[in-house]
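S.K.: What follows is each chain in one-letter form.
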Amino acid sequence: MPNFLPKGRLHPINIFLRKSIIFFQKYGFEIVEGPEIDTEYYNFDALNIPRYHPARDMQDTFWLKDGRLLRTHTSTMQVRSMQNRKPPVRIIVPGKCFRHEATDASHETNFYQLEGFAIDSNLKISHLTSILNKFMKELFGPEVSTRFRPGYFAFVEPGIEMDIKLENEWQEILGAGMIHPNVLKNMKISPKKYTGFAFGMGMDRLMMLYYGINDIRLSYSGDLRFLKQF
Amino acid sequence: MKVPIEWLKDFIEINQSPQELADGISLHSLQVEKINDGILEIEITPNRADCLSILGIAREIAAFTNSKLKTQKLKLQLKTQRINKPIEVKIEEPKICPRYSYRIIDGIKIKPSPRWMQERLIAYGFRPINNVVDTTNYIMIEFGQPLHAFDYDKISGAKMTIRRARTNEKLETLDGIIRVLNSQAIIIQDKDKLIDLAGIMGGQNSQVTENTSTIILQAAVFDPILIRKTCKKLSLQTDASYRYERNIDFNGTIDCLNATADLILETSAGQTGKIFDLQNIKWRPVRIIWQPENDVKRILGIKISHEKILNFLKKLEIKCISCSVDKKTCLMEIPSFRHDLKIREDLVEEIARMHNYNNFPISLLSQETPPINFSWDNLEFLMDLLVNYGFMQVINYPYLSKNDLLNANINPTKCLEIANPISSETRYLRPNLQVSILKNIAKNPFSSEINIFESGSIFPAGKEVTSLILATTQKEEIFKQIIEKLQQIFKVNIDVKIEKINNQLLNNFKIRKRNVYTIMIEDIDRRLSNVKNISQYKLNFSPTKYIPISKFPPAVFDLAFITDKNQNSMEIEDEIKKYDSNIFIVELFDEYYFVKKNTKNIAFHIWIQKADNSFNEKEITQIKDKIIRNIISKFKAKLRNY
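Chains as they are written, first to last, in the working numbering: chain A, 1 to 230; chain B, 1 to 642.
The set of hints was computed from the structure by calculation and includes no laboratory data. Ideal placement from N, C-alpha and C gives every residue a C-beta, glycine not left out. Please note: incorrect hints may appear among the correct ones.
One side of the interface only, derived from the structure: several residues of chain A facing chain B at Cβ under 7 angstroms [claimed, not checked]: (1) Arg18; (2) Glu36; (3) Arg149.
With a Cα cut of at most 25 angstroms, we get these calculated DSS-like pairs of lysine-lysine [what the hints assert, rightly or not]: (4) A:Lys96 x B:Lys463; (5) B:Lys545 x A:Lys165; (6) A:Lys7 x B:Lys500.
Please model the complete structure; the sequences and the hints are all you need to start from.
M.R.: Written out as structure tokens, the structure reads:
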């Protein structure tokens, strides 16, 4: 391989995605990608978030003039990817997502999400909490404390959130849960025969916590003073 | 929602510290985001409308601490009297208003509410107004039931009709804004005018003022979806509409009318009439059939006894109506305030959170080999290659402004447009990667050479394609080498042309560098998806501590040394960083060997910055000298002059 100077570098988000993907690949998760522009159906309705449900407020959306939208999460691929697959499956979906939010040091209109889900005949919530614990310890070291709390996402039931403790403070890092029976039905999978779990985490936030970055906007600024540090 | 702990104590005994209480609430029901001066800030998720009240939170605490709610007693003996002020209420369509309860209070004196009430309202975030308005707000916060008081004397014909608005009907709400309505809005009308935007905000013309002496006190249930549609249309949200659109307790109206009358009469003269209660839809409790032990085991993976499960649910006021003889199947009845419980999985969640998610056993998935996603792996491997050629990865927003497009000579009407952009900067989706990459170059005037690449989605002609772009401010030869290398490795024909950015474009983007070249490869992921057996991309994951970049421009200077040929350059790089806290990037940009002399030449770009200012020449020289002195003595190096 050639070696040119000064050295090039990957974007820290990409480094984080690689690290995460390699972890989940060890457990048989297949990488699936999907479109950034998607329909209301895959982004909301298929995920048990009907049009006039207040749960839609949790994900403010950029709408295109043609009626499509910029996906607010890579969970769009839950129902999409199951159109040509049958359980058991283990899937991860990395990708850019968009939220219609005013930006500041901790809010961005675009961010990277890593979605993961698994469907099988014998999956329990403990499979979910165990693998997430293992993953966070892989990222932040075996000593890191983690905790799970009840959470609400319309496409899972039960729903949970996960925190990690950094510098003596709990930091909220991801949402997860057991795939809602209505979503399984939209995948044409019988909720009586199968259970599934799903999780979605923001790579930007994890990356910021890991490197101690104070402003999420730097990521997309193209500023070499930032990019050359990783 | 802000929840004062001292207010919770009206409902439940609290012996824990605020922090312990907050942790308990977070682990078992809803996230406590902050504790501030005895006030908990709790994030109420959209499914838990029942917790948009002090009572709701107290109920949760009672459930997970295994304690009992204090029974609320009316403070006064509420005597109703016959009030000779009739009012006729008609609901045109049952669905829009399933329940309408009201009473009249007569002979009221409007004045400020008592201080303790004002203090609690302020703690929650309301501005105190007068005893009547404050009391309706107070009861709403306490029990979650929105209330409204009308001035009886302002209602003509002693008649109220609840109906859908007609298209373009107008109503001036309490905030003085004239609202133009459609048939999604629920309104209340008297004999000759609209008086209320039901469930959202009262009308200006029927509001309680200091001259009011008789009120109609309303506690109603309105259709959540219609309320939500109207709020969206009017871009208006109130504390009442927020609760209505999340669905309130169908059975809460009577208690709240009693509690409100009780409080108003405690602070004012007056008498109250009996409660009228119009119910056009009969409320039926939700019932769920499930298999407690089985369902819990199936989803949570733990065994909890039948009795324990039912006991958890009993604490949440979820009753077991009947059970099969073998106790396998049970019929549960859901309390009227819990609209989120509809299916058996919902009951399992109640068990899980009472049990605590952190008490589950460890059950790790088996390790397996997944199917390979070649287009992903190949693209990542390609990026590694570009990094080796000295290219930095950038990630840009997908949006562009009209100005960006015009600067790049692109017709905006040919681009995909966002219907609700946040600002003009987020209006169009980029049709190529070149515009953003030119903006990147313009943003980095301090860097003497720029080699960057981006791989991402572009949206030409309404489509979405993954594309790759490389840009350099050095010589175009490097692109020829890269293209050749790619063709050799991926064995695909990459027909790209090297583009020299013309001066007009450079000027439009305010780029001072004159030699800027780009290459673009569209559809890169698909082109690579059929290539198999390429080596694996690498992971370079190390705990770097990020140094915040300053608002002030950095200074960049170069230093070159001659060292022993075996000297590790990284070691010098790390050493340089130690000499001054203002040094934040040290970048090796040249390294070559003098074979005969057993030495090598190494050269660094050194970036320095200050948080509060830019540098003057003298300061730069000082830092430079310090580095030179130290490197020469520590590594037996020589300074090399250009």
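S.K.: Of the hints given before, which are not true for this structure?
M.R.: No hint contradicted; all consistent.
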